[in-house]
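Participant: In case you want the letters, here they are:
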Amino acid sequence: MNATLAEIAEWVNGRVEGDSSLAITGVNALHEAGPKDIAFVSDESYLNAAASSGAAALLVSEDFPRGTVPLIRVANPRSAMAALLTRIEAEHRQPPGNVHPAAVISPNVTIGERVSIDANVRVCSGSVIGDDTVIYANSYIGNDCVIGPGCYIYSNVTVRERVTMGARCIVHPGAVIGSDGFGFVDVDGKRQKIPQVGTVVLGDDVEIGSNTCVDRATMGTTRIDSGTKIDNLCQIGHNCHIGKHCTISGMTGLSGSTTLKDHVTVGANAGFSGHLEVGENAIIAGRAGVTKSVSAGAVVSGFPAIPHAQSQRVLAGMRRVPDALKKLRELERQVAELKRGLHGTAKDTD
Amino acid sequence: MNATLAEIAEWVNGRVEGDSSLAITGVNALHEAGPKDIAFVSDESYLNAAASSGAAALLVSEDFPRGTVPLIRVANPRSAMAALLTRIEAEHRQPPGNVHPAAVISPNVTIGERVSIDANVRVCSGSVIGDDTVIYANSYIGNDCVIGPGCYIYSNVTVRERVTMGARCIVHPGAVIGSDGFGFVDVDGKRQKIPQVGTVVLGDDVEIGSNTCVDRATMGTTRIDSGTKIDNLCQIGHNCHIGKHCTISGMTGLSGSTTLKDHVTVGANAGFSGHLEVGENAIIAGRAGVTKSVSAGAVVSGFPAIPHAQSQRVLAGMRRVPDALKKLRELERQVAELKRGLHGTAKDTD
Amino acid sequence: MNATLAEIAEWVNGRVEGDSSLAITGVNALHEAGPKDIAFVSDESYLNAAASSGAAALLVSEDFPRGTVPLIRVANPRSAMAALLTRIEAEHRQPPGNVHPAAVISPNVTIGERVSIDANVRVCSGSVIGDDTVIYANSYIGNDCVIGPGCYIYSNVTVRERVTMGARCIVHPGAVIGSDGFGFVDVDGKRQKIPQVGTVVLGDDVEIGSNTCVDRATMGTTRIDSGTKIDNLCQIGHNCHIGKHCTISGMTGLSGSTTLKDHVTVGANAGFSGHLEVGENAIIAGRAGVTKSVSAGAVVSGFPAIPHAQSQRVLAGMRRVPDALKKLRELERQVAELKRGLHGTAKDTD
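Chains as they are written, first to last, in my numbering: chain C, 3 to 352; chain P, 3 to 352; chain G, 3 to 352.
Hints listed in this document are in silico derivations from the structure and should not be mistaken for laboratory results.
Each hint should be verified, as a subset may be incorrect.
Where chains are identical, the list cannot tell them apart; a pair therefore holds if satisfied intra-copy or between any two copies.
List of simulated lysine-lysine pairs, BS3-like, C-alpha gap at most 25 Å [claimed, not checked]:
hint, residue 1, residue 2
1, K246, K195
2, K246, K263
3, K263, K192
4, K294, K263
5, K246, K294
6, K329, K341
7, K328, K341
8, K195, K263
9, K192, K246
Chain C extracted, bound-state conformation (with noise of 0.2 Å):
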């Protein structure tokens, strides 16, 4: 980047205090920002670590106090922060490439229009590349799979044969998608494969992050609608299916047929025992173990999961258990004391 506070105003819909000729070369987080740098300040939370800052500039809301160096203010400085990330980024995108030589694409494979393949892509029999799509360097697209149009795929990518996803969605390195679902049958006391020959679909602007793994559907599909954002190292189990506008953060794991309606949020390390559904607008707490069905708008935590509220009072109660156990203790000694008193029949020797 390289433009002048009133530019960067402009792109943000902000407006500048201070000397808005002001020559900025990057976005930095608040502790790091240095001369050329312009920081922002999401909420009042930050307030010490901006005035601290070394930032040339800062990107504030409205309300923000006035400060020591010049000031672009916006309505909302989360949203002006990510539009202006998202020019940033888009310099460091490679530029709208062609198929690398040494990509390796099977012959009967439908590439689109500015498509941009890196080496050593493997891209089999039967697929379709929609366009503007980027596949990184080392990523493996089996048989008859579909990519929509404007995909990231970042590297070490592998997408097994048949799975079909949507527009813009974003698959990071080392993510697996279409690798068989976990199911096996005994058949005269010897575990045999059932095999998995079902699929995944994904739908637009959903994100699949870094080694995360989604597995086909033994038989049928496996869903994750448009919107949704999967974090990185997630498991997501055979014939799943996750509603639009869920955000599953990291290390969390599915079990074969989950259901998660709309606009699901789930905690980090969160655990899914499969064959359940969770309604729309719930939200379950990071490390959460569901264990059975979840209505919507619920907000679950603990494992097993319940109603978060209950949780807390029963984490409460936990730590209060020691105590309690002495004062249990106490109770019987006081008691069986009345009762010698109240009998007597005790001489009270100890």
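Here the structure of chain C is known, so what remains is to put chains P and G in place on it, guided by the hints.
Facilitator: Frame of chain C, contents of chains P and G only:
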């Protein structure tokens, strides 16, 4: 697939009830099946799903009620479906191919009959690839490995040097076999790496899930015996020994030198602290954290894992703690009152 | 290896007890060692294993009892074994090679002396690879990275653009460094990605485990300082800062903006909720879920993590809750009886 019900019935050793000339082109999940699909009903819990399915025909047990669509009746629908899926999967699998010209294979590698090695696979010096084995694009086989016959190694897999695997193993995309164990020694207050010079040996029919990691032994061997199936995103530490026909669900971690005897079943996201032994046929519940050895046949859950029945009692007890604390306070009040009453010394001024 | 006991003793600065001309060809675990192997005995808990070992010789401490096989005595068997394994590992390592003709390296990449780059590696424009660094097959180095001297980057690794690492780092197979942080902003009710334009900086001697993910900063830098070792399948969120000489065991997750100071030790499968700080020399137990900052030197466990001693008391208390509930019921009964007795109003008909 393109077959009549009569043909399918013959494949799965079943009996048609209804129009045996019906043409079937696919197999699908009950809720996704269409007018050319057959679906299967594993047990009575799916009766409603079966009634509302759009499937053209159903694969069912002998005692399934007569329905509105043609049926194939078999003794065990689950194993019949596995047999049918095996046949369908064979259609999707790549034909026994050749070594792709863009595979990079060192001079002194031994390659068996009918081996398929796709583009960008790297096989290093001294390795042996068994007959009928298939290696998908972009995988890596280090020096001096022995890959048995009939194995499937999917894309982006890493098999590091001197790893051995038996016949018919399946290694899913992104899995890593033979990476360094995590071992350090503090020398003069500085953490120093302990080189990991051991290896990994897999038996026959072992399955390693996507992005699962199996560390090589510090010295000696990390072993996974025949028939064991490991799901995605698991971690098998250095010097572990997993017996025959174990099943380990996703996101489970075994610290170094854990031993599982034969036929152990482990739920998802379980953990083992290492240097412990789990007896034959033990069952480890999902999310269990196993911190000491487990007897043969035991069922354990919780963290730290204890016998499942006890763990359930503890859990039920925990849920009742908040109420119990209230009762305890009430009892304390009553006992204090009783004491005042008995000793007649209090004036009850408050 | 092919050496006499006398030679090995010299390498590890030890003293032979027995036949110093004995020929040794391997080093192995006690229970796997054969008649040409040396094994080591770290401490007294392995005395029985040592007695039943088939090893030709043992590497032991000064106070180890005299045995039936020749011994090499050293001050610290563990660090002596590390020294011996380092020597053996050097034999297994690939010789300093050249850049393989099937590596795909952009024109303006700077490659140091004695660098090995194997087939199908992709190194993008502007990157610098330090002297003596080894990059295994099928890895990816994005634009403008700086890889220090003496690094080992195993196969199928992704290092995204602008990542920097110091000297002698080891990146295990499938690891991903510099993938996008997981950040979104809701604009007009629609979840929108916050571009992640920061980077990752690793110090010297950092080790990143197999399939571990280190996210780049949203803005600024995700930092892992010198000497820190991270095990397999860990997740390091955007803008984390991990100090020097930390040890993080497998399957551990750090949410965004977590700070670990120097010399922090983290057990397996722990989690950190982000925007918190863990002080120097703190110890976080396996499976701990850390939800707020931890003081220097503290030892915490449980979820939410609390001081370990307290956590153990809570756990012990929980186990006694089912019994305590019974006692509580009995006390309630006795108190009711006492009240009836005291007030003389009950007839005790039941």
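Participant: Does each hint hold? Answer for all of them.
Facilitator: To see whether the hints hold, each was checked on the structure:
1. Proximity of K246 to K195 under the C-alpha cut-off of 25 Å is restricted to the inter-copy arrangement: shortest distance 15 Å between copies versus 32 Å within a copy.
2. For the homomeric pair K246 and K263, the shortest alpha-carbon distance inside one copy (7 Å) is at most 25 Å, but the shortest distance between copies (39 Å) is not.
3. For a Cα distance limit of 25 Å, the shortest separation of K263 from K192 across copies, 16 Å, qualifies, whereas the shortest one inside one copy, 37 Å, does not.
4. Proximity of K294 and K263 under a CA criterion of 25 Å is satisfied intra-copy only: 14 Å inside one chain copy versus 31 Å between copies.
5. Taking the shortest alpha-carbon separations for K246 and K294, only the intra-copy value of 21 Å comes in at or below 25 Å, while the best inter-copy value is 32 Å.
6. With identical chains, the CA atoms of K329 and K341 are at most 25 Å apart both within one copy (18 Å) and between copies (16 Å).
7. Taking the shortest alpha-carbon separations for K328 and K341, both the intra-copy value of 20 Å and the inter-copy value of 19 Å come in at or below 25 Å.
8. Proximity of K195 and K263 under a CA criterion of 25 Å is satisfied inter-copy only: 21 Å between copies versus 30 Å inside one chain copy.
9. Taking identical chains as interchangeable, the C-alpha atoms of K192 and K246 lie at most 25 Å apart only when they sit on different chains, with a minimum of 11 Å there against 40 Å within one chain.
Checked against the numbered hints listed earlier, the structure breaks none of them; every hint is satisfied.
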